[in-house]
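*Asks:* Going down the list, the protein sequences come from chains A, B and C.
Residue numbering for the first sequence follows the numbering used here, beginning at 159 and increasing consecutively.
Residue numbering for the second sequence follows the numbering used here, beginning at -9 and increasing consecutively.
Residue numbering for the third sequence follows the numbering used here, beginning at 7 and increasing consecutively.
Calculated from the structure, these hints are not laboratory results.
Cβ atoms here follow ideal geometry from the backbone N, Cα and C, with glycine treated the same way.
Take these hints with a grain of salt, some might be off.
To be verified - Partner residues aside, some chain A positions facing chain B, computed with beta carbon under 7 Å:
#, residue
1, GLY222
2, THR225
3, PHE227
4, PRO345
5, LEU384
6, MET387
7, THR388
8, PHE391
9, ALA395
10, LYS400
11, CYS402
12, TYR405
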Amino acid sequence: MKKVSNRVKSSLSGLLVPFISIVLTLIVASIIVLLLGKNPIEVFLGFLRGSGMALKPRYGGGQGMLTDFFSYLSILTPMIFASLGVMLGMRAGLFNIGVAGQMLLPGFLASVIVGYSDLPSYLAWPLIIIIGLVVGGALGALIGFFKHRFNIHEVVTSIMLNYIISYITGFFINTYFADTVTRNSRPVKEASRLLIAGQTGGGIRFDFPVGLIVALIAVFLMRFLLERMTVGFRINAVGLNKYCARYAGINVGGNVVLAMAMSGTLAGLAGVTYYLGFANNMVPKVLVSLGYDSIAVAVLGNVAPVGCLFASILVTIFQKGSIYMSSNVGVPQDIASVITGILLMFSASGQYIEETLQRLGRASRSKRGSKTDPDQAKA
Amino acid sequence: MAEPIVELRNITKRFPGIVANDNVTLDIKKGEIFALLGENGAGKSTLMSILFGMYEPDEGQIFVRGKEVHLTSSKDAAALNIGMVHQHFKLVSNYTITENIVLGDEPLKRFGPFSWVDLKGASEKIRALSLEYGLEVNPNDKIQDLQVSTQQRVEILKMLYRDAEILIFDEPTSVLTPQEIEYLLDIMEELRRGGKTIILITHKLEEIKRVADRCGILLRGKLVGIYDVATTTTQRMANLMVGKEVDFSVDKPDHEFGEVVLDVSNVTVYNDLKVKVVDDVSLEVRKGEILAIAGVSGNGQVDIADAIAGLQNISEGSITLNGEEISNLSIKERIAKGISYIPEDRQKEGLVMDLNLRDNLAIKTFDREPFSKKGVLQPNAFEDQAVDLIDRYDIRSGQGSQTITRSMSGGNQQKAIIAREVELDSDLLIFVQPTRGLDVGAIANIHQQILDQRALGKAILLVSLELDEVMALADTISVVFRGQILKTDDARNLSKEEVGQYMMGVTK
Amino acid sequence: MNIDKIMTDGLAFALPLFIMAIGGIYSERSGVTMLSIEGFQGFGAFVGAITVVILRTAMGASPDWLIYIATLAAVLGGMLLALLNALMVIKLKSKMTIAGVVINILAVALTSFLSSVITGAVTGQATTKIQLSVAPRYTIPGLSKIPVIGGLFQNIYPFAFIIIVVAALAWYVLYKTRYGLRLRAGGDNPHSLDAAGVDVNKLRFSAVVLAGGFAGLGGMAFTYTVANFSPASYVGYGYLSIAALIFGNWNISTTFWTSMFFGFSRSFSDQLVNELGLSSNYSDLFSVMPYVLTLIVLIFFSKHNRPPRALGEHFDKGKR
């Protein structure tokens, strides 16, 4: 009985902290909007409308809420992958700040190898996914290897690789694959886009993102892996205390490389679903901000797979809805990033929020003392 | 003796869940050595931390030199000429002795708008101080190059540099050899002659007998009483300290040892910094034998244990277990071959503090059947084992198998580790400082566990800094000094003093 | 090959990098992991640039001394963002690495958001790209004629002088003064400071804020070398400065040389593209050089690295 109630309590507090972060973020965002002389309700409604979660006043021919919603889902897909990648790294005590680069290189290679070919979808899709898995995984493994073998912090390696990848792909795009008008890379062929295009529902056209199914599978796979598998047990142990893990016979270096490789794999999937699912081209030398926002999402999601899913759903609303909101309400589009930043700031302070809650809880409860260790109190 | 220099009146300090100090009233006279005696967790350190300004009491008053004071930081205490040598030294490892001593109270030189720390002048002052009290140090040495006993001298000099009149020593002898302890106690007497007041926190009765004038005894946060050391026997003090009659002796029947389980020969180990920490060490442990490695902290004893367990690589020599060479095996393989290891630092190495008890009990076996099948964990097997071990080893925890180990007491954390390691049913058990920081009850329990394993015919390697523990448990004693084994002999042939001599590197 | 140009450009790049790295050293030697130099640099430069826009519009003129006002504003701007970082890390106990990323994300978001809001309000034309005047440059007579290294003394930005003076002061403060002695102890054993009655958290707070100031100065210097500011100015120099300080073993004098190494390897590769007559696309390929070099260098040197022992640990009085 006692056990159950404790579990319920801990999962409740697990939800409470992100919830408080979200509420605080909305309050701060509202204040900013009010300072600009706009109506916060309008702004938030604008985000929802842009994401296909609320009706817009008018739609173009053949378009509707469903169109926007599926378009939202196609950007949600890479966000789920990316945040899972960050999450998995964090579980092993690694900070994968290079998701953006680990997205770009697989996206670039998949575009160049498959995207510009004439392969039919049933060949192109699996090939693209494989490129995402392999290239992303290899980059992650490289970062893990540098940490393990040379003692170079993963943050440093990731960032250096980000710049190297962005310059080199930038060079190739500019030199060989640039569209003469936009100066971006040429769009990939329709057949290799990870979308089932031109579906209709109630006379409204929408494109179904194929990657979303893979992403949802990944969420539950990660959950199973981390909670029920020996691999996950090792990763958790390494992340929580690498000294004890080593002492207990776990190969810490190997698991660092493995976790980073898996993190990179997920980032690679984020890359191909972004560049061949959502966008269909690449801007030379630009790393997508989604790669960094996914860090916020993973933290907000309590560094847990299902948490990442829900946090992705939320944060993507701001990202996706910002264009519509901006053109209709007149608040600069960049407020979406500001909101994400503030959200990240509050969720990064989760420990403080939790401690404050506990303090308040203790104060309200009587001093019916729980058992604490005298040794610790002594310190 | 003179009037009280410090008076504590009705001091109460609560931490979540416990009362560390419960209505404690005592006075300390100028120029005396006042000992504060009590078990781990009795509240000695908390009380002195209050006097040193690191905690504020919930209730009660403090008077220093007759005036009531409110101490909110160690700075306030320093202003009242109160100094403290903490159990864990507070030294900056990459700074020189001088830099460490002046830190927080730096003498400045000025030129126009510029000012800088006058390290040269400070060095001179420190040299003079060290000569005055017989605390030999070279002010320009870096802390990281110094021995523990020298580091302690630096801490003492730090107080003297700040003109401290009231000196608090928190368990100062726990890291020293008998000879170093003698030296330290001499210094304390020297300081008393110089008019200083000394408060000595300890649980070692001989030291109190040797230097202290009066002794206050704390038991579970309450003051039992203040006693005149000269007229109170150590047995009486011991009884008052634990609140009941205690028996220090252990029951260790003589028996024949079996064949050799662990054979370490000519092993040399270099640490990460390429420093030779184990130098040509050889030792043998047989079935049913407790071999204790005695030595001052930092002389390579932990490195020997780590090398056997596979946590450190050896550069020369061989290690065999039951006749089989293991020095090239991984940690995991060595565990499987039959090595259990109770590590020195239970919180850093022994446990994953943020995992629950259940997972910690299975942390070495989770990838074997029945705990996992084909890579999938079996929670029921984890739970069954946890319930069983909690019961058999009397591990107390708030929420049973689900308790996060961080919230458990040190004694129960150690019980959990011992339960896990003993259950591996290994031929060799390595215990490194198994009773560090535990109270008398827990220590007795762990000593009994070790003797039970001996009776079962296990080979036991015990590394301990507590000479009393070594003398009580060991069948064979090896003394380590600067990475070398200076002496190995039957425990019955060695006296405590002799072992202490070898620990200092003195060979006859 | 144009040695003078390599020298001049190398120095113009290395000095701002160096002063930013000094900011990182201050923060990390005090015990606070610093990943947000990039954010401080960009946000500082933004505040500097926007100050120019506001003053320019108000005065209807653009005098030369605006550059110094801009620099001062950039330093304050960097410190402002650093204040937020310090608050997160010290008061709210965020993980230091994550707080760093938060600050960088916020910096990019705030600069694009605020620059369109403020330029819209001030000039009536919302833009995220702020055009600045070209900074004056100086050549030291005599010294500039020395063969090979003469380029170091040609076409120097006024920032070079400011940075050299500030860096010298920073060195003096860190290694000679009371504050510096305490700061460096904070990254090794903060408990020693606490026992000595020094407020560790206050000290670390000040170190992080100073880091923001140094980074703001570096950011403004970089911005004036291209004479405009936009959110695209976040190009990783902040991270590069962190690589420089790691390579420099958290030591100001060693970091000076590693910064120079980065600066000259960059100007050298730029000149190489020029010299080989390659198209400008190729300069992207050569831009990779500092980053690749960083990785290679770290492969060989990170083993010998001794980061501050207490780096990244929150200071909590209760814990030992």
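*Asks:* Can you verify the interface hint for A/THR388: is its Cβ closer than 7 Å to any Cβ in chain B?
*Replies:* At 5 Å from the nearest chain B Cβ, A/THR388 passes the 7 Å test, so the hint holds.
*Asks:* Holds or violated: is there a CB of chain B closer than 7 Å to the CB of A/TYR405?
*Replies:* Interface hint status for A/TYR405: holds (5 Å vs cutoff 7 Å).
*Asks:* With a cut-off of 7 Å, does the beta carbon of A/LEU384 approach a beta carbon of chain B closely enough for the hint to hold?
*Replies:* 11 Å, violated
*Asks:* So, as I understand it, the hint says A/CYS402 touches chain B; can you test that by seeing if any CB pair is closer than 7 Å?
*Replies:* 5 Å, holds
*Asks:* Grab the minimum C-beta distance from A/PHE227 to chain B and call the hint holds if it beats 7 Å, violated otherwise.
*Replies:* With Cβ-Cβ at 37 Å, over 7 Å, it is violated.
*Asks:* Hint A/THR225 vs chain B: min CB-CB distance below 7 Å?
*Replies:* For A/THR225, the interface hint is violated, since the closest Cβ of chain B sits about 42 Å away, which is over 7 Å.
*Asks:* A closest beta-carbon separation below 7 Å is what the hint needs, so does A/GLY222 meet it against chain B?
*Replies:* This interface hint is violated because 45 Å lies over the 7 Å limit.
*Asks:* For the restraint on A/MET387, tell me whether the closest CB of chain B is nearer than 7 Å.
*Replies:* It holds, given that the least Cβ distance between A/MET387 and chain B is near 6 Å, below 7 Å.
*Asks:* Hint validation: A/ALA395 versus chain B, beta carbon distance must be below 7 Å. Holds or violated?
*Replies:* Hint holds; A/ALA395 Cβ to chain B Cβ min 6 Å, cut 7 Å.
*Asks:* Can A/PRO345 be said to touch chain B, with a Cβ gap under 7 Å?
*Replies:* Status violated, d = 43 Å.
*Asks:* Tell me if the interface restraint on A/PHE391 is satisfied: Cβ within less than 7 Å of some Cβ in chain B.
*Replies:* 5 Å, holds
*Asks:* Given a cut of 7 Å on the nearest C-beta pair, is the interface hint for A/LYS400 held or broken against chain B?
*Replies:* At about 10 Å, which exceeds the 7 Å cut-off, the nearest Cβ of chain B leaves the hint on A/LYS400 violated.
Violation of the numbered hints given earlier is confined to hints 1, 2, 3, 4, 5 and 10; the remaining hints are satisfied by the structure.
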